[in-house]
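Peer 1: Model the full structure from these sequences, guided by the hints.
If you read the protein sequences in the order shown, they are chains C and V. Quick note on my numbering: the first sequence kicks off at 3 and runs consecutively. Quick note on my numbering: the second sequence kicks off at 24 and runs consecutively.
Read the hints as simulated data drawn from the structure, not as lab findings. Quick reminder that beta carbons are idealized off the backbone N, C-alpha and C, glycines included. It is possible that part of the hints are untrue.
Claimed, not checked - Facing chain V, from chain C, some residues (calculated, C-beta under 8 Å):
id, residue
1, V16
2, V23
3, N27
4, L49
5, I74
6, Q91
7, V99
8, S121
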Amino acid sequence: MSMLIFYILAIVAVVSALMVVTLRNVFHSALFLVLTLFSVAGIYVLLEAEFLAAVQVLIYVGAITILMIFAIMLTYQITSKSIRQVNEQVIPAVIIVLVFFVLSLVTLIKTSWPVSNKSLPGNNTFEIGRQLLSTYVIPFEVVSIVLLIALIGAIIISRQDGPSRPGQEDR
Amino acid sequence: MAPLSYYLILSAMLFTIGVWGVLRNRNALIIFMSIELMLNAVNITLMAFSSFLKDFSGQVFVFLVMAIAAAEVAVGLAIIVSIFRVKESINVDDVNLMKW
Numbered sequence: 003m004s005m006l007i008f009y010i011l012a013i014v015a016v017v018s019a020l021m022v023v024t025l026r027n028v029f030h031s032a033l034f035l036v037l038t039l040f041s042v043a044g045i046y047v048l049l050e051a052e053f054l055a056a057v058q059v060l061i062y063v064g065a066i067t068i069l070m071i072f073a074i075m076l077t078y079q080i081t082s083k084s085i086r087q088v089n090e091q092v093i094p095a096v097i098i099v100l101v102f103f104v105l106s107l108v109t110l111i112k113t114s115w116p117v118s119n120k121s122l123p124g125n126n127t128f129e130i131g132r133q134l135l136s137t138y139v140i141p142f143e144v145v146s147i148v149l150l151i152a153l154i155g156a157i158i159i160s161r162q163d164g165p166s167r168p169g170q171e172d173r
Numbered sequence: 024m025a026p027l028s029y030y031l032i033l034s035a036m037l038f039t040i041g042v043w044g045v046l047r048n049r050n051a052l053i054i055f056m057s058i059e060l061m062l063n064a065v066n067i068t069l070m071a072f073s074s075f076l077k078d079f080s081g082q083v084f085v086f087l088v089m090a091i092a093a094a095e096v097a098v099g100l101a102i103i104v105s106i107f108r109v110k111e112s113i114n115v116d117d118v119n120l121m122k123w
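Peer 2: Rendered as structure tokens:
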């Protein structure tokens with residue numbers, strides 16, 4: 003039963019990821035990205051990580067995709083729908099992608115990965131919170147500062163008329 | 024439960040699709056979405072190892088990767104919007120001012 007669910011989620015994830023990179027309309031790509039991220043959240047549930055599945059839905063589906071759709075709304079020219087979305091580098095791209103995929107598949111299949119037979123201790127969310135505030139407290143604080151600085155930087159970069167560009171009229 | 028290698032193969036496929044999107048597309052927004060796909064593929068790998076090794080460290084790393092991805096998207100989309108304001112285009116081939 004869980005194998006069947008895995009196959010369904012994997013197929014949905016891969017097919018909609020292919021749609022993201024091949025469709026011509028950027029907005030449709032963003033919607034298929036939502037589908038991929040949802041399937042990845044389902045995979046997390048299969049891997050017994052309920053907390054991170056919820057975080058995936060909140061951050062990726064809820065925040066990042068909405069940001070993407072806002073950026074599409076602000077930048078995408080509806081009138082120039084016929085612009086070509088792809089470049090001319092098809093042969094190098096195919097070679098690089100095939101070599102990378104075959105190499106990673108061979109590595110992943112040939113290696114015998116260690117697997118533990120213990121059972122996961124206790125409550126998932128509780129354990130992650132405990133580790134974040136004990137073993138990984140420095141990375142946790144650093145990543146929060148990085149996030150704060152990045153958000154301030156995003157506001158400063160995208161501010162329309164700052165004092166540094168006084169002569170520019172608004173568009 | 025599906026064996027570990029299945030999750031790793033799924034992750035490799037998603038990562039490869041992301042690489043394809045970055046190499047092939049000229050639209051900066053689609054390149055961004057492909058980068059998100061690659062980050063998600065790596066997250067699946069970390070999560071699969073975390074689950075099969077019964078160790079929560081992988082899940083903590085996934086949490087940190089998600090925070091960095093959110094920061095990256097915020098800054099990147101701000102850059103794209105301000106490039107669009109100047110160039111009237113988000114085609115990466117048009118943004119070649121610093122290309123030698």
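Peer 1: Hint numbers the structure violates, sorted upward?
Peer 2: Violated hint (a single one): 3; every other hint is consistent with the structure.
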